[in-house]
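Next come the chains, spelled out residue by residue.
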Amino acid sequence: MSEEISKDKPLKIDYTPPRERWMEPRVEFRKGTYGYPAASKHEKYLELPNPREWQPNEEDWKLPEDWKEIILKGMEDRLDRYRSFRLFLDICVRCGACADKCHFFIGSGDPKNMPVLRTELLRSVYRRYFTLPGKIFGKLAGARELTKDVLKEWFYYFYQCTECRRCSVFCPYGIDTCEMTMMGRELLNLVGCNINWVIEPASNCFRTGNHLGIPPHAFKSTVDFAIDELKEITGIDVEVPINRKGAEILFVSPSADYFASPHWYTFLGYLLLFHEIGLDYTWSTYASEGGNFGLFHSADLAKRLNAKIYSEAKRLGVKWVLGGECGHMWRVIHQYMDTLNGPADFLEEPVSPVTGTPFENAKSTKMVHICEFTADLIQNRRLKLDPSRNDKWKVTYHDSCNISRGVGLLEEPRYILRNVCNEFYEMPENTIRERTFCCGSGAGLGSDENMEIRLRGGLPRANAVKYVKEQYGVNLLTCICAIDRATLPPLLEYWVPGVEVAGVHELVGNALVLKGEKERTTNLRGEPIKGEEEELHV
Amino acid sequence: MGLWYSISGILLLVFFVVIGIEGIGLYSFFTIFIPYAAVLLFVVGFIYRVLKWASSPVPFHIPTVCGQQKSLPWIKPDNIDSPYTTGGVVKRLALDIFLFRSLLKNEKVDLEAPHRLLFRTSTLLWLGALAFHWSFLIIILRHLRFFLEPVPSVVVILQRVDSIFQNLLPILYISDLIIVIALGYLFIRRIIYPQVRYISLPSDYFVLLAIGGIAISGVLMRLIYKVDLVQVKEWVMAMLSFRPMPPKGVNLLFYIHLFFVSLFIAYFPLSKLMHMPGIFLSPTRNLLNVSRHRRHVNPWNLPVKVHTYEEYEDEFRQSMKEVGLPLDRE
Numbered sequence: 021m022s023e024e025i026s027k028d029k030p031l032k033i034d035y036t037p038p039r040e041r042w043m044e045p046r047v048e049f050r051k052g053t054y055g056y057p058a059a060s061k062h063e064k065y066l067e068l069p070n071p072r073e074w075q076p077n078e079e080d081w082k083l084p085e086d087w088k089e090i091i092l093k094g095m096e097d098r099l100d101r102y103r104s105f106r107l108f109l110d111i112c113v114r115c116g117a118c119a120d121k122c123h124f125f126i127g128s129g130d131p132k133n134m135p136v137l138r139t140e141l142l143r144s145v146y147r148r149y150f151t152l153p154g155k156i157f158g159k160l161a162g163a164r165e166l167t168k169d170v171l172k173e174w175f176y177y178f179y180q181c182t183e184c185r186r187c188s189v190f191c192p193y194g195i196d197t198c199e200m201t202m203m204g205r206e207l208l209n210l211v212g213c214n215i216n217w218v219i220e221p222a223s224n225c226f227r228t229g230n231h232l233g234i235p236p237h238a239f240k241s242t243v244d245f246a247i248d249e250l251k252e253i254t255g256i257d258v259e260v261p262i263n264r265k266g267a268e269i270l271f272v273s274p275s276a277d278y279f280a281s282p283h284w285y286t287f288l289g290y291l292l293l294f295h296e297i298g299l300d301y302t303w304s305t306y307a308s309e310g311g312n313f314g315l316f317h318s319a320d321l322a323k324r325l326n327a328k329i330y331s332e333a334k335r336l337g338v339k340w341v342l343g344g345e346c347g348h349m350w351r352v353i354h355q356y357m358d359t360l361n362g363p364a365d366f367l368e369e370p371v372s373p374v375t376g377t378p379f380e381n382a383k384s385t386k387m388v389h390i391c392e393f394t395a396d397l398i399q400n401r402r403l404k405l406d407p408s409r410n411d412k413w414k415v416t417y418h419d420s421c422n423i424s425r426g427v428g429l430l431e432e433p434r435y436i437l438r439n440v441c442n443e444f445y446e447m448p449e450n451t452i453r454e455r456t457f458c459c460g461s462g463a464g465l466g467s468d469e470n471m472e473i474r475l476r477g478g479l480p481r482a483n484a485v486k487y488v489k490e491q492y493g494v495n496l497l498t499c500i501c502a503i504d505r506a507t508l509p510p511l512l513e514y515w516v517p518g519v520e521v522a523g524v525h526e527l528v529g530n531a532l533v534l535k536g537e538k539e540r541t542t543n544l545r546g547e548p549i550k551g552e553e554e555e556l557h558v
Numbered sequence: 003m004g005l006w007y008s009i010s011g012i013l014l015l016v017f018f019v020v021i022g023i024e025g026i027g028l029y030s031f032f033t034i035f036i037p038y039a040a041v042l043l044f045v046v047g048f049i050y051r052v053l054k055w056a057s058s059p060v061p062f063h064i065p066t067v068c069g070q071q072k073s074l075p076w077i078k079p080d081n082i083d084s085p086y087t088t089g090g091v092v093k094r095l096a097l098d099i100f101l102f103r104s105l106l107k108n109e110k111v112d113l114e115a116p117h118r119l120l121f122r123t124s125t126l127l128w129l130g131a132l133a134f135h136w137s138f139l140i141i142i143l144r145h146l147r148f149f150l151e152p153v154p155s156v157v158v159i160l161q162r163v164d165s166i167f168q169n170l171l172p173i174l175y176i177s178d179l180i181i182v183i184a185l186g187y188l189f190i191r192r193i194i195y196p197q198v199r200y201i202s203l204p205s206d207y208f209v210l211l212a213i214g215g216i217a218i219s220g221v222l223m224r225l226i227y228k229v230d231l232v233q234v235k236e237w238v239m240a241m242l243s244f245r246p247m248p249p250k251g252v253n254l255l256f257y258i259h260l261f262f263v264s265l266f267i268a269y270f271p272l273s274k275l276m277h278m279p280g281i282f283l284s285p286t287r288n289l290l291n292v293s294r295h296r297r298h299v300n301p302w303n304l305p306v307k308v309h310t311y312e313e314y315e316d317e318f319r320q321s322m323k324e325v326g327l328p329l330d331r332e
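If you're matching them up, the sequences are chains G and P in order.
Residues in the first sequence are numbered from 21 upward in steps of one, following our numbering.
Residues in the second sequence are numbered from 3 upward in steps of one, following our numbering.
So that you can see chain P by itself, here it is in the shape it has in the complex:
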């Protein structure tokens, strides 16, 4: 059900752009107002959400320990999975952020017989997620050429490497190919695996479809419906200098692409996409396992009612005396 809501939502949005541009000619609305509003929402929303998390304290020291603690000198400690130095925790976070290491541990459990379990390593989700995120990042970096003048050599090199197969397939970026395949996989797995389908919300499909919309409109602009890139860059530079001018006569695909990008960044702080900054703050991953070595302070450590030894002895004095247990007060 959520799936159909999302698909119709996406189609409705495409329709909205087509009518807006082709029908009414709302160029300024789609190329100036919406992108500005989206960026504003993104920046304000992103900062607000991160500050909101940061304003809640971490009362207890709760790393998820996945390796040997540092204890006796002759037992080899695991500084990544049970980090005891800042370097260790940085490595642990970096491996999770750049290589999705926790996801790599994934395994699938099946019933081999009625009560016999079969464990199989399952790396497809890891591969799909990694392929998607990395190609997305590379595509974003490639787009810097629209935002910077002169274009930094790093971006140029990245672009060259990404289009290394040009001789085989003209002007096809590797990252474009990968992101489309990866998105396809991430989308299809939500439909075909019964459990994943069961937990999926409309927003889960929606985000994938919106990013899919961005990717496909982008690829089509590159491969089939050429867009006047000079005009696009002029529009970007004008936007950046706050003297906006709508580009005119650019292919409709550009407006669809831009609208989905705007939608994506505006939606970002309102959604699960906030997992991107969130992982940095995750207390099970970013704390050192030195809980007994260094005291962790809870800022709201509330006073509680305890049962004191005096109260205890008062209740049991007689029987303690009878069996000869030492007493504080006879």
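Extracted from the complex, chain G is given alone in its bound form:
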């Protein structure tokens, strides 16, 4: 956490708009409120435009000579290619219903974080160059010249949106600020204005197959390490196939699952589950990333990274693909993959090899969510579960933005949770399901240098967690998103100390009674299964 942020100096939130009108572009690049720009070596590796070393807080952004023409041409091009772009720029009535739906506005009070104004930043330029009233009446019609200051404002605010789509639930026309942010970022990227937290993972993923840049041999050793750990906890030798041709299923999860904490325990959960049901599957080192930071850059880059999943499925000759717990990964897989890199006509319609259930909903894309898969196993009573092994946890569930508003996968994880733990409590109705609040760090904003904005954006989520903590003593927040698992722990530590974060399949792994396992004394975290207090009383 950066030094500026401490509990002694609480973050100030004021919803009163400033005196100056929003049409005057003015951005202050204050430490803690923006991400560092992309390192040029990563931009070069991905062959992106205008790679250079620069800093947002410096006056000169080293833009290309004809930056304005590039942006306007890019805008024109995208207006013709995306109905959403043209339509959403045209039909907003500025009713203001979206204003306090954005977690960044709620946590910062900065009026340009109201979805309507975030889009007005683009819309004002659109009016000036692409509409008749804007060309004639200029400022009076809400039109603005495209200047370097406007561009800087775009950079600041389009990298202060997590593309969570909560505003689009409340908009009477479904205007989706995520689409606007995506377009804004695509335009910024045409002149090389982007952040390292997006570009470096994307470049890593392009080269090594995963965001974290883990080469195949390191992947192998991390898997070996997991096998040892599982042996110690359960006494079972788990087999983990990698790059195995002819397996029935290719499993793809976000790379953080096998490298970061607390993701790791979810990873262990997957391995135990697959072992127990004897799944004929394989991991891949080439397609070792389900997430897709390309999505936070452009549709093109999303396609370049996503292509690996189908191409690897084809090379390995699997029948279908199973995907792990991740948020934006599932936005891409559910709403983009088939369009970008399909049709997957070389795969078969997915059927659970254990229960025989066909996954009708994934008939075309041929990729199934692990929660759909596991919920089906539990419903068919194919798993022996001992929920009391999770008794030290009082659990709540955080819907990840992309999983809820992108996929509509709401009940499956809840069904699993009710079967693997005894105490499960929902957060207030207006903060879950389609109204869920973002962690505040998605879409590439999860870097440490951006911590103030992350804490502000995370306030609404944290508030709801605090509520269930005070009401029911909740001490574990479960989620099915790798970015959540990475970014919620510091957030909760700041706003709601005492609540841990875990993936759903970590709890599955804890509860799963394996054939031939030794008596488990610790959970997957290596902590005693019984709560510490109980231990002491014994």
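Since the hints were derived computationally from the structure, they do not count as laboratory data.
Glycine included, each C-beta is placed from N, C-alpha and C at the ideal position.
You may find that some hints are simply not true.
Examples of chain G residues lying across from chain P (beta carbon under 8 Å, computed) [to be verified]: (1) Leu-99; (2) Val-113; (3) Arg-114; (4) Arg-185; (5) Pro-236; (6) Glu-332; (7) Arg-335; (8) Glu-431.
Once the Cα atoms are required to be at most 27 Å apart in a straight line, the calculated DSS-like pairs of lysine-lysine come out as [to be verified]: (9) Lys-334/G with Lys-307/P; (10) Lys-307/P with Lys-61/G; (11) Lys-307/P with Lys-265/G; (12) Lys-93/G with Lys-54/P; (13) Lys-334/G with Lys-383/G; (14) Lys-159/G with Lys-54/P; (15) Lys-64/G with Lys-82/G; (16) Lys-93/G with Lys-155/G; (17) Lys-172/G with Lys-159/G; (18) Lys-155/G with Lys-274/P; (19) Lys-538/G with Lys-550/G; (20) Lys-172/G with Lys-32/G; (21) Lys-61/G with Lys-172/G; (22) Lys-54/P with Lys-88/G; (23) Lys-51/G with Lys-172/G; (24) Lys-93/P with Lys-383/G; (25) Lys-265/G with Lys-323/P; (26) Lys-251/G with Lys-550/G; (27) Lys-155/G with Lys-168/G; (28) Lys-64/G with Lys-93/G; (29) Lys-93/G with Lys-172/G; (30) Lys-61/G with Lys-88/G; (31) Lys-51/G with Lys-168/G; (32) Lys-307/P with Lys-64/G; (33) Lys-383/G with Lys-78/P.
Based on the hints, put chain P in the right spot on chain G.
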């Protein structure tokens, strides 16, 4: 600032009509040329804008999902908020178009303590918007009696129902009363809520004031300054048969009313009022959430440079071999 621009703009326009009619007597200009031009602009502009949207494809399948997806057979799917049939998506759109359902979800967030949020349901905007749009629609339908001969019974019935309180308040239409109140609310909220005021453009006030001008001039004609309706209908029928004749000696209010109506329909395709046809095309609302079940095709799906497995293996072959990972080429 935008507010004052709009108010002075509206006053200027009223002044323009008064001078034009009372001063110079430009009857044909205001009752023939302007209405024809406005209708032409409306029709051409409206079609142009809708075709312009329609000509941009929907490259990706991006419904905003607000309910349980259809997945496993024993999990109850939500066919309205996560539609999986055309019927579902029609219901979803219909609820949004006729009942403004998304707006009904509105809630207001306040700070109860420095870092403690308080959520309150907030239905006033929904109510105001719904009242405004429905009364506007009913008023437009009522006006059909000027355009159709004989007047269809539906319009007559609508008119009777709308004036059901005649015994209490002579000749007052309910819809007239509601639209004036609703417009007043929509206007005042733009001024008194600091955030809404902050985002409001001159055009946002202007549209409300222009519709307000239409409504108030209409109400006044009905309540106080009676207008010769026979003459008005004759003028409309003449216009419709393209043998236009300006009505003469009708109250000035009629010309103001007509001018604001013309202004409104001419301005319509140039403005945010296009949200009316726009919502039908909104890809977050009009698509089915069956993205993995049925493939969505992007007409411009551009080719991109990928990093192939061969390139990958070439780079990592040695280290893969050392840890015993299978290789395509040794």
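Each hint, compared with the structure:
1. Taking 8 Å as the C-beta contact cut-off toward chain P, the hint placing Leu-99/G at the interface holds, the least distance being around 7 Å.
2. Checking Val-113/G against chain P by beta carbon gives a least distance of about 5 Å; that is within 8 Å, so the hint holds.
3. For Arg-114/G, the interface hint holds, since its Cβ comes within 8 Å of a Cβ in chain P; the closest pair sits about 5 Å apart.
4. About 6 Å separates the beta-carbon of Arg-185/G from the nearest beta-carbon of chain P, less than 8 Å, and the hint is met.
5. Below 8 Å, beta-carbon pairs count as interface contacts, and Pro-236/G has one with chain P at about 5 Å; its hint therefore holds.
6. Among the interface hints, the one on Glu-332/G holds; its C-beta lies about 7 Å from the nearest C-beta in chain P, closer than the 8 Å criterion.
7. Checking Arg-335/G against chain P by beta carbon gives a least distance of about 6 Å; that is within 8 Å, so the hint holds.
8. For the restraint placing Glu-431/G at the interface with chain P, the shortest Cβ-Cβ distance is roughly 5 Å, inside the 8 Å limit, so the hint holds.
9. Under the criterion of a C-alpha separation no larger than 27 Å, the hint pairing Lys-334/G with Lys-307/P is consistent with the structure, at around 18 Å.
10. Note on Lys-307/P and Lys-61/G: the hinted pairing holds, with a Cα-Cα distance of about 18 Å set against a maximum of 27 Å.
11. In summary, the hint linking Lys-307/P to Lys-265/G is supported, as the alpha carbons are separated by about 25 Å, within the 27 Å threshold.
12. Only pairs whose Cα atoms come within 27 Å are accepted, and Lys-93/G paired with Lys-54/P is accepted, the gap being roughly 18 Å.
13. At most 27 Å may separate the alpha-carbon atoms for a hinted pair to count; Lys-334/G and Lys-383/G meet this at roughly 17 Å.
14. Under the criterion of a C-alpha separation no larger than 27 Å, the hint pairing Lys-159/G with Lys-54/P is consistent with the structure, at around 24 Å.
15. Distance restraint check for Lys-64/G and Lys-82/G: the Cα-Cα separation of roughly 16 Å lies within the 27 Å cut-off, and the hinted pair is therefore satisfied.
16. Annotation: proposed proximity of Lys-93/G to Lys-155/G holds, straight-line Cα distance about 17 Å (limit 27 Å).
17. With a C-alpha separation of about 19 Å, the suggested pairing of Lys-172/G with Lys-159/G holds against the 27 Å cut-off.
18. Taken as a hint, the Lys-155/G and Lys-274/P pair is honoured in the structure, with Cα atoms around 16 Å apart against an allowance of 27 Å.
19. With a CA separation close to 16 Å, the supplied pair Lys-538/G and Lys-550/G stays within the 27 Å bound.
20. Restraint check for Lys-172/G and Lys-32/G: satisfied, since their Cα atoms lie roughly 24 Å apart, inside the 27 Å limit.
21. For the hint pairing Lys-61/G with Lys-172/G, the CA-to-CA distance comes to about 23 Å; that is within 27 Å, so the pair holds.
22. Restraint check for Lys-54/P and Lys-88/G: satisfied, since their Cα atoms lie roughly 24 Å apart, inside the 27 Å limit.
23. Annotation: proposed proximity of Lys-51/G to Lys-172/G holds, straight-line Cα distance about 15 Å (limit 27 Å).
24. Restraint check for Lys-93/P and Lys-383/G: satisfied, since their Cα atoms lie roughly 25 Å apart, inside the 27 Å limit.
25. Under the criterion of a C-alpha separation no larger than 27 Å, the hint pairing Lys-265/G with Lys-323/P is consistent with the structure, at around 16 Å.
26. Our distance criterion of 27 Å between C-alpha atoms is met by Lys-251/G and Lys-550/G, whose separation comes to about 20 Å.
27. For the hint pairing Lys-155/G with Lys-168/G, the CA-to-CA distance comes to about 20 Å; that is within 27 Å, so the pair holds.
28. Only pairs whose Cα atoms come within 27 Å are accepted, and Lys-64/G paired with Lys-93/G is accepted, the gap being roughly 23 Å.
29. With a C-alpha separation of about 18 Å, the suggested pair Lys-93/G and Lys-172/G falls inside the 27 Å cut-off, and the hint holds.
30. Taking the CA atoms of Lys-61/G and Lys-88/G, the gap is about 25 Å. The hint holds against a cut of 27 Å.
31. The suggested pairing of Lys-51/G with Lys-168/G holds, with an alpha-carbon distance near 21 Å, which does not exceed 27 Å.
32. Proposed proximity of Lys-307/P and Lys-64/G is supported: the alpha carbons are some 14 Å apart, at most 27 Å.
33. Between Lys-383/G and Lys-78/P the alpha-carbon distance is near 19 Å, which keeps this suggested pair within the 27 Å criterion.
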